[in-house]
Structures are given as structure tokens and as C-alpha cells.
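*Asks:* Just so you know, the protein sequences line up as chains A and B, in that order.
Going by my numbering, the first residue of the first sequence is number 543, and it counts up by one from there.
Going by my numbering, the first residue of the second sequence is number 543, and it counts up by one from there.
What the hints contain is simulated information worked out from the structure, not anything from laboratory work.
Accuracy of the hints is not assured; some may be wrong.
One copy or two, it doesn't matter: identical chains are merged, so the pair holds either way.
Claimed, not checked - Under the rule of at most 27 Å between Cα atoms (straight-line distance), these lysine-lysine pairs were calculated in the DSS-like manner:
(1) Lys740 to Lys547
(2) Lys632 to Lys740
(3) Lys602 to Lys688
(4) Lys722 to Lys633
(5) Lys700 to Lys575
(6) Lys737 to Lys583
(7) Lys796 to Lys583
(8) Lys571 to Lys547
(9) Lys583 to Lys692
(10) Lys595 to Lys795
(11) Lys692 to Lys737
(12) Lys692 to Lys795
(13) Lys737 to Lys796
(14) Lys737 to Lys561
(15) Lys571 to Lys731
(16) Lys547 to Lys575
(17) Lys722 to Lys740
(18) Lys700 to Lys583
(19) Lys731 to Lys547
(20) Lys583 to Lys722
(21) Lys689 to Lys740
(22) Lys547 to Lys583
(23) Lys796 to Lys633
(24) Lys700 to Lys602
(25) Lys595 to Lys583
(26) Lys633 to Lys680
There are 2 protein chains.
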Amino acid sequence: MNTEKPLILVSNDDGVHAKGLAALIEVVKPYGKVVVVAPEKGESGMSHAITIKNYLRITKLHSEENLEIYSCTGTPADSIKIALNQILDKKPDYIVSGINHGSNSSISVLYSGTLGAAMEGSFYGIPSIGFSILDHDKDADFELAKKYSKIIFEDVLKNGLPDSICLNVNFPLIDTNDVKGIKICTQTKGYWSEKFEKRTDPNGGNYYWLTGRLHNLEPNNKESDEWALANNLVAVVPIKIDLTAHETIGNLKKRLT
Amino acid sequence: MNTEKPLILVSNDDGVHAKGLAALIEVVKPYGKVVVVAPEKGESGMSHAITIKNYLRITKLHSEENLEIYSCTGTPADSIKIALNQILDKKPDYIVSGINHGSNSSISVLYSGTLGAAMEGSFYGIPSIGFSILDHDKDADFELAKKYSKIIFEDVLKNGLPDSICLNVNFPLIDTNDVKGIKICTQTKGYWSEKFEKRTDPNGGNYYWLTGRLHNLEPNNKESDEWALANNLVAVVPIKIDLTAHETIGNLKKRLT
Numbered sequence: 543m544n545t546e547k548p549l550i551l552v553s554n555d556d557g558v559h560a561k562g563l564a565a566l567i568e569v570v571k572p573y574g575k576v577v578v579v580a581p582e583k584g585e586s587g588m589s590h591a592i593t594i595k596n597y598l599r600i601t602k603l604h605s606e607e608n609l610e611i612y613s614c615t616g617t618p619a620d621s622i623k624i625a626l627n628q629i630l631d632k633k634p635d636y637i638v639s640g641i642n643h644g645s646n647s648s649i650s651v652l653y654s655g656t657l658g659a660a661m662e663g664s665f666y667g668i669p670s671i672g673f674s675i676l677d678h679d680k681d682a683d684f685e686l687a688k689k690y691s692k693i694i695f696e697d698v699l700k701n702g703l704p705d706s707i708c709l710n711v712n713f714p715l716i717d718t719n720d721v722k723g724i725k726i727c728t729q730t731k732g733y734w735s736e737k738f739e740k741r742t743d744p745n746g747g748n749y750y751w752l753t754g755r756l757h758n759l760e761p762n763n764k765e766s767d768e769w770a771l772a773n774n775l776v777a778v779v780p781i782k783i784d785l786t787a788h789e790t791i792g793n794l795k796k797r798l799t
Numbered sequence: 543m544n545t546e547k548p549l550i551l552v553s554n555d556d557g558v559h560a561k562g563l564a565a566l567i568e569v570v571k572p573y574g575k576v577v578v579v580a581p582e583k584g585e586s587g588m589s590h591a592i593t594i595k596n597y598l599r600i601t602k603l604h605s606e607e608n609l610e611i612y613s614c615t616g617t618p619a620d621s622i623k624i625a626l627n628q629i630l631d632k633k634p635d636y637i638v639s640g641i642n643h644g645s646n647s648s649i650s651v652l653y654s655g656t657l658g659a660a661m662e663g664s665f666y667g668i669p670s671i672g673f674s675i676l677d678h679d680k681d682a683d684f685e686l687a688k689k690y691s692k693i694i695f696e697d698v699l700k701n702g703l704p705d706s707i708c709l710n711v712n713f714p715l716i717d718t719n720d721v722k723g724i725k726i727c728t729q730t731k732g733y734w735s736e737k738f739e740k741r742t743d744p745n746g747g748n749y750y751w752l753t754g755r756l757h758n759l760e761p762n763n764k765e766s767d768e769w770a771l772a773n774n775l776v777a778v779v780p781i782k783i784d785l786t787a788h789e790t791i792g793n794l795k796k797r798l799t
């Protein structure tokens with residue numbers, strides 16, 4: 543019988559000093575040996591980006607029984623890669639990423655460094671979860687998120703996840719007592735309706751800041767993650783890394799081959 | 543009858559001065575008014591990253607009848623966003639991205655800035671295509687790619703693309719005469735088996751360069767894009783932006799709700 547504790551790799555995209563990362567460490571620490579490899583500084587919006595044209599450095603910041611913390615100069619996906627290849631002496635049993643300060647529901651899953659790290663885990667067949675709260679504040683309250691992260695992580699410990707599937711978990715911004723439960727959802731169809739804010743520098747040159755808001759294309763879809771969050775539910779979307787639109791292949795074959 | 547020429551937005555991730563971008567402009571220019579908005583410098587591996595913590599600048603580099611070229615200081619996804627919001631006066635009819643110097647087959651689709659730009663088009667309901675050749679060389683030969691990009695682009699001009707689907711097109715590194723045709727494929731299941739190259743700087747500190755190769759988990763799958771490319775076929779994978787693993791929802795509902 544293998545009595546070895548599970549090895550849990552933790553990362554995020556808000557950086558190694560984020561409050562949400564500390565919250566996630568607190569959640570998973572009772573269940574195994576925890577190794578944290580997270581970006582040195584905030585890497586929000588970095589999606590699945592990897593560092594090709596620059597080198598990476600890693601720094602060991604902390605070590606105690608069953609907990610080691612490293613920072614990495616790269617992206618969240620880089621952090622997972624360098625953890626697997628240079629820091630860990632075996633493949634981790636689980637990868638958790640977050641808890642992100644800010645929503646990664648709907649189409650944001652594709653921009654999110656938090657989910658980039660979790661999806662990286664899926665590539666290697668490691669059950670992985672990305673957690674996010676609907677609050678960008680660096681001092682955000684993580685009580686609700688910790689309570690439900692624990693429930694979801696315990697389920698994955700017990701039941702695993704299907705091959706090549708990770709979970710995208712978002713927590714509503716409400717009091718813990720008001721949560722109505724967990725809902726397994728679909729990724730809300732939508733897009734960011736961007737508005738660049740144009741400014742002029744002291745030398746007369748123009749520059750642009752990206753701002754915007756999510757435009758929900760299916761506000762009445764009760765199976766969607768945006769609907770769940772608006773209705774006080776913890777939204778869990780199972781995410782796959784095979785992007786193939788299998789249902790379109792037959793028709794495209796008729797057109798192009 | 544609307545006799546206005548189609549508006550075609552072009553981007554890439556190798557930067558506005560890449561040979562592959564010039565090749566793609568040459569392919570699409572006969573079919574409409576072309577506006578290029580591409581990163582100022584190489585942004586390979588930037589995936590769907592967006593610039594949140596810094597501003598963007600755009601520079602108009604070239605203008606002639608039916609062709610305008612702009613550079614953008616951000617990522618490929620930023621380039622599409624700022625084109626839609628600040629440069630174009632109407633929504634483009636098509637977005638094409640590339641032609642990338644280097645493969646974006648298999649799991650590379652998720653790391654690719656080229657495909658990040660094309661997927662961004664899908665968010666806004668714009669038929670979009672990412673093109674890539676299996677050659678990283680900056681002086682790579684684009685003859686084969688131009689010939690087949692034209693065929694594929696003409697098909698999309700004529701038939702459109704299904705909602706929220708873009709195409710990931712990869713060209714094999716062979717003589718144009720040896721191409722056996724176009725194959726509509728699935729995204730090959732695989733992962734990058736990374737090997738970080740560890741070096742020591744003159745001050746004794748360690749740093750790491752990411753290297754690696756694609757590990758193909760289904761080398762005998764004749765429907766996969768890696769198989770097609772290895773067998774002298776142009777590989778076309780229809781890609782969707784809904785990452786939901788719909789088939790797992792029922793079982794997860796039983797476990798977690």
C-alpha cells in the first residue's frame with residue numbers, strides 16, 4: 543500500500559505574494575506535500591503564454607515540513623513547466639491554481655493565466671483546477687472561496703477528473719451564508735466589448751489603455767457560468783484542451799478536400 | 543447590392559516585419575481592402591495574452607490603395623482588439639493571422655499567438671484563419687503556403703465558417719509539388735516534453751532556457767494534424783472557443799451538486 547502523501551503543485555497568475563495564493567495553500571496543505579511555483583510578479587491576462595525569447599530564473603523563498611515556495615520570473619504556464627522539469631523530483635498528483643483575484647468565467651478562461659497553469663496540468667494528465675473570485679481587490683475576502691475550494695478539491699482527491707479535463711471554478715462576490723451551492727456549468731458565450739481609453743503623453747504622442755466589460759450573449763441560459771454566479775452559485779465549468787470542433791469536420795471535408 | 547470590397551484584417555505573432563506576414567498580405571490583397579495590425583516585435587508563444595498593466599501604442603507604417611499597415615506595441619490579441627476598437631471604422635469581414643514561422647499543430651495551438659489572434663476574431667463572430675508553416679527560419683520559403691492559403695481563403699470567402707469556429711492551418715515543410723492535398727483534421731493529442739537547459743551566469747546564478755519537443759500521444763491517428771503533416775498533407779483543424787467539456791457535465795453534477 544502506498545502511504546505516501548499526495549504531491550500538490552500550486553501556482554497562480556497574481557504572483558507569489560498574492561493573498562489568494564496564500565488562501566489556496568491553506569486549503570490544500572492538510573492533504574499532502576505542497577510545492578508552490580508561482581510568478582515573481584503579477585501575470586494577469588497572460589493566458590497560456592510561455593517564455594521563448596528570454597531565460598527564466600527560480601528563487602526558493604520558503605521551506606517548512608510539507609511546504610516549499612518558489613518564485614519564477616516567467617508566466618504561469620512557465621511556472622508549471624519549470625516545476626515539472628527542474629523543481630519536483632516526481633510528477634505531481636494534483637495542480638491547483640489561484641485563487642485568482644478577479645473573475646475567469648465565460649470567455650475570460652481564454653485570457654486567464656490562472657487557467658493557463660491549470661490547463662498545462664491537463665496536458666500532462668494531472669488533475670488540475672483553477673479557482674477565481676469575482677473581486678480584483680488585493681485584500682479581497684477569501685472565506686467563501688476557501689470553504690468551497692476545499693469541498694471541490696476533496697471531491698477531486700476522491701474521484702479524480704476525466705482525462706484531459708480541468709475545472710474552472712469561480713466564486714460569486716457574496717456572503718458565505720448566501721451561497722446556494724455548487725453548479726456544474728457551461729462556459730457562457732460572450733466577448734469583451736473593449737473600449738480603449740486614449741490618452742496623450744506630455745510629448746503629444748497617443749497611448750491607449752485597455753478597458754472593457756463582458757458582453758454576455760446568452761444572459762438567460764441557466765446552464766451558463768455567468769448565470770450561476772449572478773444567482774449566488776459557485777460556478778464549475780469542466781474545460782477541455784482539445785479545441786477541435788469535431789462536429790464541423792464532415793462539412794469542411796466536403797468543401798475543402 | 544453591396545458592391546463594397548470585403549474588409550480583411552491581418553495580424554501575426556512574428557511581428558510586423560516578418561516575411562510570413564508579407565506572404566499573407568500578398569495572398570489576401572486581391573480580395574478586398576486589407577488592414578494590417580501586427581505586433582511591433584516578435585510575440586511568439588504569447589497565446590491569447592492581453593496587455594492589462596501597460597498601455598499600448600500604435601504606429602502607421604504604410605498606406606496605399608486598399609492596404610494600410612500598423613504596428614502595435616502589444617500582443618497579437620491586443621492587435622486585434624485595438625484594430626477593432628481604434629483603427630477600423632467598421633467590423634472586418636475576415637481576420638487572417640500568420641503566416642507563422644513555425645508549427646502550430648497539436649497542442650501548440652494553445653501557446654500560439656497566431657491562433658490567439660484568430661480566436662479573438664471568433665469571439666466577435668468574424669470568420670478567422672491562422673496559418674503556419676513548419677519552418678522557424680526567418681527566410682523560410684512561403685510558396686507552398688501561399689498557394690494553399692489562397693485556396694483555403696477563397697473557400698472561406700465563398701462559404702464562410704460556422705459560428706465561433708476558426709481554422710488552424712499548418713503547412714508541411716516539403717516541395718510544393720509533393721503536397722498531396724488538404725486534410726481536415728483533429729488536434730493531435732500530445733504535450734511538449736520540456737527540457738530546460740540550465741546555465742550559470744558569470745556571477746554564479748542559475749538561469750534556464752526552455753527547450754523541448756512535441757510528444758505525440760497518438761502517432762497512428764490518421765485523422766490527426768500531426769499525421770497529416772507527416773504525410774505531405776496541408777492540415778486544417780477547425781477550432782472552437784467554447785472549451786466546455788459538455789460530455790462530462792452529467793457525471794460532475796452527480797458528484798458535486
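*Asks:* When no copy is specified for Lys737 and Lys583, does a C-alpha distance of 27 Å or less occur within a copy, between copies, both, or neither?
*Replies:* both (26 Å within a copy, 24 Å between copies)
*Asks:* For Lys700 vs Lys583, is the C-alpha pair at or below 27 Å within one copy, between two copies, both, or neither?
*Replies:* Classified as neither; 33 Å inside a copy, 47 Å across copies.
*Asks:* Is the C-alpha distance from Lys595 to Lys795 at most 27 Å within one copy, between copies, in both cases, or in neither?
*Replies:* neither (37 Å within a copy, 43 Å between copies)
*Asks:* When no copy is specified for Lys692 and Lys737, does a C-alpha distance of 27 Å or less occur within a copy, between copies, both, or neither?
*Replies:* neither (37 Å within a copy, 33 Å between copies)
*Asks:* When Cα atoms must be at most 27 Å apart, do Lys731 and Lys547 count as within-copy, between-copy, both, or neither?
*Replies:* neither (40 Å within a copy, 30 Å between copies)
*Asks:* As a check of your reading, is Lys583 near Lys722 (CA-CA no more than 27 Å) within one copy, between copies, both or neither?
*Replies:* neither (35 Å within a copy, 48 Å between copies)
*Asks:* How do Lys737 and Lys561 come out at 27 Å by Cα distance, when the copy is not named: within, between, both, or neither?
*Replies:* neither (29 Å within a copy, 31 Å between copies)
*Asks:* Go through the copies and call it for Lys700 and Lys602: within, between, both or neither, with a Cα cutoff of 27 Å.
*Replies:* Close neither inside one copy (31 Å) nor across copies (56 Å); limit 27 Å.
*Asks:* Is it within a copy, between copies, both, or neither that the alpha carbon of Lys796 lies no farther than 27 Å from that of Lys583?
*Replies:* neither (49 Å within a copy, 39 Å between copies)
*Asks:* Measure nothing new, just compare the shortest in-copy and cross-copy C-alpha distances for Lys737 and Lys796 to 27 Å and report within, between, both or neither.
*Replies:* Answer is neither; intra-copy 40 Å and inter-copy 41 Å both fail.
*Asks:* First find the shortest C-alpha distance between Lys595 and Lys583 inside one copy, then the shortest across copies, and answer within, between, both or neither for a cut-off of 27 Å.
*Replies:* Answer is both; intra-copy 18 Å and inter-copy 11 Å each pass.
*Asks:* Which holds for Lys796 with Lys633 at a C-alpha limit of 27 Å: within a copy, between copies, both or neither?
*Replies:* Neither: 43 Å inside a copy, 29 Å across copies.
The structure does not agree with the numbered hints 1, 4, 7, 10, 11, 13, 14, 15, 17, 18, 19, 20, 21, 22, 23, 24 and 26 stated previously, though it agrees with the rest.
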